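K.L.:
Take a look at the letters that make up each chain.
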Amino acid sequence: MKGLELIKKAMRLEDVERIPWVPFVGAHAGAMIGMTATEFLKSSDNLVKGVNKAIELYNPDGIPVAFDLQIEAEALGCKLGWADDNPPAVISHPLKEGKTIQDLKVPCACAGRISMVMDATRKLREQHPDLALYGLITGPFTLALHLLGTDIFMNMMMDPDETHKLMRFCTDVAKMMAGNYIESGADVVALVDPMTSQIDPGSFEMFVTPYVTEINDFIREAGALSSFFVCGNAKQNIEVMCKTKPDNISIDENIPLDFVRDIALANNVSFGGNMQLTVVLLMGDEEAARRDALTCMDIGGKRGFILAPGCDLAMATPVKNLVAVAELVHDEILQGELRASEATAMNIELLDLNNHWDKTKVVIDIITLDSSSCAPCQYMVDAVSRAVESFGDKVVYKEHRIKEMHGVQMMATLGVKNIPTIVMDGSIEFISQIPPINDIKAKITEHLAKK
Amino acid sequence: MEELYKKLSDCIEFGKINKVSPYPPQMKDQDGADEITKQLLDGGASADDVLQKGLIIGMEKVGIKFRENQVFVPQVLMSAKAMDAAMKYLKPLFAASATARKGIFIIGTVEGDLHDIGKNLVAMMVEGNGYEVIDLGTDVKAEKFIEAADQNPGAVLGLSALLTTTMGNMEQITKAIKAHNANIKVCIGGAPVNEEFCVKIGADKYNPDPQGVVEFLNAMSA
Chain A
1 MKGLELIKKA
11 MRLEDVERIP
21 WVPFVGAHAG
31 AMIGMTATEF
41 LKSSDNLVKG
51 VNKAIELYNP
61 DGIPVAFDLQ
71 IEAEALGCKL
81 GWADDNPPAV
91 ISHPLKEGKT
101 IQDLKVPCAC
111 AGRISMVMDA
121 TRKLREQHPD
131 LALYGLITGP
141 FTLALHLLGT
151 DIFMNMMMDP
161 DETHKLMRFC
171 TDVAKMMAGN
181 YIESGADVVA
191 LVDPMTSQID
201 PGSFEMFVTP
211 YVTEINDFIR
221 EAGALSSFFV
231 CGNAKQNIEV
241 MCKTKPDNIS
251 IDENIPLDFV
261 RDIALANNVS
271 FGGNMQLTVV
281 LLMGDEEAAR
291 RDALTCMDIG
301 GKRGFILAPG
311 CDLAMATPVK
321 NLVAVAELVH
331 DEILQGELRA
341 SEATAMNIEL
351 LDLNNHWDKT
361 KVVIDIITLD
371 SSSCAPCQYM
381 VDAVSRAVES
391 FGDKVVYKEH
401 RIKEMHGVQM
411 MATLGVKNIP
421 TIVMDGSIEF
431 ISQIPPINDI
441 KAKITEHLAK
451 K
Chain B
452 MEELYKKLSD
462 CIEFGKINKV
472 SPYPPQMKDQ
482 DGADEITKQL
492 LDGGASADDV
502 LQKGLIIGME
512 KVGIKFRENQ
522 VFVPQVLMSA
532 KAMDAAMKYL
542 KPLFAASATA
552 RKGIFIIGTV
562 EGDLHDIGKN
572 LVAMMVEGNG
582 YEVIDLGTDV
592 KAEKFIEAAD
602 QNPGAVLGLS
612 ALLTTTMGNM
622 EQITKAIKAH
632 NANIKVCIGG
642 APVNEEFCVK
652 IGADKYNPDP
662 QGVVEFLNAM
672 SA
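Residue numbers (our numbering), protein chains in the order written: chain A, 1 to 451; chain B, 452 to 673.
In isolation and in its complexed conformation, chain A is listed as follows (with noise of 0.2 Å):
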């Protein structure tokens, strides 16, 4: 199924045959084309080739045009420290600086960097029909705190009003881009504000929810999907992020994955995450990556997940972590050797095959993921199968599905690493490849001769 299908069945709550993947490239797909971050994030032209580049390699179903939370603040005069390997910082707050919300106005489209954002999207969508495109938008509250620094904690306290005016004015801007994303190709708006977490449900409540849930409103009136991003330990706000009625929630590894997945689909919230950008993917190895990757994919499942970095890549996240993410999300059977591999590596119960084998007939354990969802799986049953038929009842045969508890303790007893694998009388003879029928057949014909 085509990537953007599989996303808007995710963020509908339906099953889906395999979990979305959405790597979130900004600064990190401009390393990918060798540039800096400063020359990726001011060209059009760099963002298209940059994350034309991820998803050549990555093979994602949805990808973020542009990761940088700065584009508002930009045009709306914060100044900018630009930074070669980091997307840019907000080094000024205007409203600190002599400012006043009343000489602030919603920036016109073409300011700053927003048109060049919006001709990049135009460029991927016309490119990549196919693809769920995230525009990613500055959400109003992390936007408040660059315009006025962290002065709004206080002020919500003790100027609430003048507070609720500056939230106002955010709102406005945000759904200026966001109406610009959709027009300009965005399947999903992200709305990212990660300064939330440092707000308690009540403030939350008060100061975020009203306004967020008009952007989500206006997202969704446009025939768009929402993503609330939230990167931080914002544990305490994932029930109202849930109510301010986005389609998506989307958070970092600070929060554990199955608490908000509880939270959010009793919401009906479709949520994604959450693995470590730090640790895991930019200082881990491939193999540390797919781990994190499956264990999120576990927990997650088929309904209403989204498998995600916990927030915005490092630059220097080496590429091949994230291929063998984007090889993991698109190979069951890998996934279900890595899971079988887990599992002997938790110590499981081994089984006692004393009364499994028989003295006059050759026992044939077949491991597979299922067959009846895995084709070569289900191709090595029937080679199986057929192969036995002539040898009569001097050969027993049974497949052991790792996807139950027994099949996985069968996998650690027999010592097989791979799926599916043919075992005779405990000894592994085929692995991964089916063979031909008359193969089988001579094994099994070996292995009679020593009963």
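In case anyone wonders, no lab produced these hints; they're calculated from the structure. All values derive from a computational prediction rather than experimental measurement. Each statement offered as a hint is correct.
Straight line, CA to CA, 27 Å or less: simulated DSSO-like cross-link-like pairs of lysine-lysine:
| id | chain 1 | residue 1 | chain 2 | residue 2 |
| --- | --- | --- | --- | --- |
| 1 | A | Lys165 | B | Lys470 |
| 2 | B | Lys656 | A | Lys235 |
| 3 | A | Lys79 | B | Lys595 |
| 4 | B | Lys512 | A | Lys235 |
| 5 | A | Lys96 | B | Lys539 |
Got chain A; can you put chain B on it based on the hints?
P.N.:
This is chain B only, laid out in the frame that chain A set:
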């Protein structure tokens, strides 16, 4: 008198700065930390008693509530501001003794990193807990940290980083500080940093939140 101490600790706990402050709504039109501190001192209370029996008790309660996720940054900042309002009366009285401040905390975002929000939050909360804070700003080199530490013997250093790419600088700076004087205590924090990294670079403490820094400083000065 006892009742006033209790009121003062409530003002700190709930972030009531002064009578005109609209926050918290349930204490509207009541005296705040400002007025009550003055009343206590006018009534003959010692500055040390005001600190120990009122302010510190309130701040400790806030600390526990923050740790237990009952209150968050905005509420703790209000408590810190209420503490400030009281301290403005106490500071002159403490001028000659060391009780006025519990210690000195020097904070900065490491070289190459321009992000100031996390650092500012930590600075505000530490200050609100009765420490003197020297804020070196953002993009701070090792030499600047060392110079400030030398000028303030016994001060604890706090290094902040938001970016994965500046974690390397955090490591270099920590090592430079420790090479200069292994006795200087260094604590670190920021989105990409964790306990494992703290151990790896030889820093003394990783704190996931501002309250952790306060507790570390309290433990150091105890």
